[in-house]
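K.L.:
Sequence:
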Amino acid sequence: MKRVRLDAENPEVQKFIQRLPLESEGIELELQGRLVCVVIPSFRYSDAEKENLVQERWELIRRAQQRNQGVPADVIEREVQDAVGEVRRCARR
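Under this note's numbering, the residue at position 53 of the sequence shown is numbered 53, and the numbers go up by one with no gaps.
Just so you know, the hints here were simulated from the structure itself, not pulled from any lab data. Quick caveat, the model's predicted, so the values are computed rather than measured. Glycine included, every Cβ here is placed at the ideal spot set by N, Cα and C. Where hints are given, some of them may not hold.
[Stated by the list, open to error] DSBU-like mimics (lysine-lysine), calculated; alpha carbons at most 30 Å apart, straight line:
hint, residue 1, residue 2
1, Lys50, Lys15
2, Lys15, Lys2
3, Lys2, Lys50
[Unchecked claim] Derived DEER-like restraints, expressed as beta-carbon distance ranges:
hint, residue 1, residue 2, range
4, Gln55, Ser24, 21 to 27 Å
5, Ser24, Asn52, 17 to 23 Å
6, Val13, Val75, 23 to 29 Å
7, Gln18, Gly70, 42 to 48 Å
8, Arg63, Cys90, 22 to 28 Å
9, Leu6, Glu59, 37 to 43 Å
10, Leu35, Ile76, 18 to 24 Å
11, Gln69, Ser24, 36 to 42 Å
Turn these sequences into a full structure, and let the hints steer you where they fit.
P.N.:
This is the structure in structure tokens:
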């Protein structure tokens, strides 16, 4: 997992991060109506559980790459946009 050090970041960014209400379940960060990341406190999982989660995600990525092998990027982009639009329509109901 990549680590991003915030020590050299703008003080406003540091203050924002420090004010996040981190609880045991974590928080979701949204930007312009889009979920951009989920912040989960490090104490929630053991090292073994973290490694297992990472391996599961890599497996999902590999399966998606195999499934989409040979599919043009514009087709994938259109299908993703259609799926996102459908989810957003359902969420508004």
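K.L.:
Against this structure, judge whether each hint is valid.
P.N.:
Right, here's what the structure says about each hint:
Between Lys50 and Lys15, the direct Cα distance comes to roughly 27 Å. Compliance with the 30 Å bound is thereby established for this hinted pair. Under the criterion of a C-alpha separation no larger than 30 Å, the hint pairing Lys15 with Lys2 is consistent with the structure, at around 21 Å. Note on Lys2 and Lys50: the hinted pairing holds, with a Cα-Cα distance of about 13 Å set against a maximum of 30 Å. Range check, Gln55 to Ser24: about 23 Å between beta-carbon atoms, so the 21 to 27 Å window is met.
A hinted range of 17 to 23 Å holds for the C-beta pair Ser24 and Asn52, which are about 19 Å apart. Between Val13 and Val75 the beta carbons are some 37 Å apart, a value that contradicts the proposed interval 23 to 29 Å. Taken as a hint, the range 42 to 48 Å holds for the pair Gln18 and Gly70, whose Cβ atoms sit roughly 47 Å apart. Taking the beta carbon of each, Arg63 and Cys90 are about 25 Å apart, inside 22 to 28 Å as hinted.
A beta carbon spacing of about 30 Å between Leu6 and Glu59 contradicts the range 37 to 43 Å that was offered as a hint. For the hinted restraint 18 to 24 Å between Leu35 and Ile76, the CB-CB distance of approximately 19 Å keeps it satisfied. With their beta carbons about 39 Å apart, Gln69 and Ser24 fall inside the hinted range of 36 to 42 Å.
Of the numbered hints given earlier, the model fails hints 6 and 9; all others are met.
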